[in-house]
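**Q** Spelled out, the chains give:
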Amino acid sequence: MLDASPQPLVQVDGLKMYFPIRSGLLRIHTGDVKAVDGVSFSIRAGETLGLVGESGCGKSTVGRALLRLYEPTAGKVVIDGEDVASLSTEKLRRKRPTMQMVFQDPQASLNPRMSVADIIAEPLDEHTNWPRAKKTERVYELLDAVGLNRRFANRFPHEFSGGQRQRIGIARALALNPKFIVCDEPIAALDVSIQAQVVNLLEDLQDKLGLTYLFISHDLSMVRHLADRVAVMYLGRIAELSPSADLYARPLHPYAEALLSAVNEPDPEIAARRNRIILKGDVPSPANPPKGCNFCTRCPKVFDLCRSVKPELTEVEPGRMVACHLYNDKTGTAGSTGRIGAQEHNQQTNQQGVS
Amino acid sequence: MPNGAQPVLDVRGLKTVFRTRAGEIHAVNDVSFALKKGELLGVVGESGSGKSVTMMSLLRLLPMPPAEIRSGQALLSGKDILQASPEELRAIRGGKVGFVFQDPMTSLNPVFTVGNQIMEPLRKHLGMTKKQAADRATELLELVGIPDARRRLGDYPHQFSGGMRQRVMIAIALACDPEVLIADEPTTALDVTIQAQILELVKDLRHKLGMAIIWITHDLGVIAGIADRVMVMYGGQVAEEAPVKELFARPQHPYTRALLKTIPKISGAREARLKVIEGQPPIMSAAPTACPFRHRCEHRFDRCDVENPALRGVSPGHAVACHWTAPAAAPAEGMIHA
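Sequences listed follow chains A and B, in order. At position 135 of the first sequence the residue is numbered 135 (the working numbering), and the sequence of numbers has no breaks. At position 169 of the second sequence the residue is numbered 524 (the working numbering), and the sequence of numbers has no breaks.
It should be emphasised that the hints constitute simulated quantities derived from the structure, not laboratory data. Note that the coordinates shown come from a computational prediction; the quantities given were computed from them, not determined experimentally. No residue lacks a Cβ here, since even glycine has one placed at the ideal position from N, Cα and C.
Derived, one-sided and incomplete: chain B residues facing chain A with beta-carbon distance under 8 Å: (1) Asp-546; (2) Ala-551; (3) Gln-552; (4) Glu-555; (5) Val-577; (6) Phe-603; (7) Pro-619; (8) Ser-622; (9) Arg-625.
What the simulated footprint calls covered on chain A by chain B, stretch by stretch (three residues with Cβ under 8 Å from a Cβ of chain B suffice, anywhere in the stretch; the number is not a length): (10) 197 to 204; (11) 222 to 228; (12) 248 to 260; (13) 264 to 271; (14) 274 to 282.
Here chain A stands alone, though its shape is the one from the complex (with noise of 0.2 Å):
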């Protein structure tokens, strides 16, 4: 991006998405599904930020609670300026052009009854006044950006195989120029051989555009390739967030260690050499987060402070956050404790390494 402004262009602060269960006759309302339970990230612009993590660990909700499909429980979404979890119903139609979504399944996401045309021009009737031959000629340019061809614009899309629905979807996301777009598992419904080919595409639309993207997916090693920095997420809570290299080369959290030694690399040797961490056990629910750390049922190094507070994310290293005992010896109440983890850790590590 040229202007490289200090201030990032999605800044979100303590954001959290209960949703109610209501149980009896009466609905009476008896807990909530923690589903995003206080996340704070910044984007910048023209920046790739991917969020991971398992099913259930909340990625596509805060994908959904930013954009304000969901109406947040608490916390702050700064969009462009704007706090778009407070804006009035009004002024946050007015300001949906500039964030835009593309959905995992291109299949549910199009109505079949509707022609391409108007799927892509769709954003343009809601929120132009562009006479009809401006409208033809806008849908014209976005098939062209998103490699479809132009006499398509009157099919339907179950006349279209997966790969170019989603190039359907990323077309209409794009219609009134977005500056941020959600990008919800778009490559998950695909073939391998697909998923490239959208990738690059979405690639090329960056270059292009300058678009800053939150891509959510729960394939690692796409998103290695694509994002500037990855957020991990575990039920709810963001357990790492750093600069991909950093994090694919040395995983602080033990969430993301293990997490990342589970991906199965396409190469015989390596997976014959390497030492998986494999996690005992589930996710615990998300209506009933352990005491403590979300993360200290399956941890392998876990100890006694973990099963009581809460670890903070802080910043551990420059431009790495981690949401762990282990690395936090500086908080008073944790001091020596966190020494302890720090060196156990390290053991733990070393008979990793030996076994």
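With chain A fixed as given, assemble chain B onto it according to the hints.
**A** What follows is chain B alone, placed relative to chain A:
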């Protein structure tokens, strides 16, 4: 790894066709392969490549019609299971051949307890009493790493998590000590950390039980970590077949080569740009008379349009179906048209 021995399963010239109102779909075209005792054969391909239909055809798990097995043989310990009578087939399914499906949510019956579903094959196939079957079911659940096994026999599928359900599916498939286990995308619906648990479990069980496994997947990463031998399928045919290390080190078929380049790596240098296989996989509406990959192949030449390449050995255990890789068959550089 095992070699030379008599194959447990020997499939020859399998052809499966779907007949629909819109015409025929040739899903499996002349597929042959052999599975040795104790071996893990990985079958890789994109959706529509025919990998699942091949395996479902063997046990006749496809709805017929519209599916039709046109020809072929599948010798399981020397006996052709494609000719088996309904009674014999029932003894094979879940008895000699175990099957694990992709989605553990839909392949377990929600209204029966897990114990009931594990005990069913034990009682039907092995004629065990209820007591014996319950004991064996407990053993099986312990084998696949489910804690507190005895008590969990009385639980229903919804009380298990996704990874646990897939363990239950594996326990059911293993119940009758099958000679062959067919696993169709068993880890695709699972998260990576849970996937890692299941992969470790299968590696461990192989060494304990020594059965032969066919592992169907689209994920080359999974294959690299678990398979002895790999069969790459494209357009209903076998494109390439090789021992796992050989395939990843020296892929021969242009499709295999391109596929390996389209996936970003988790370590090493970051690619500036991903390589792309242009175009779409084919829909096989007629029996192939030319190479099914030709429209997406960067090495296409005139022979590819007129002759479907046969599988041909390039080194011991490594076979490829491609005219371009055939020695002296490919034209000189200048003659290749774009």
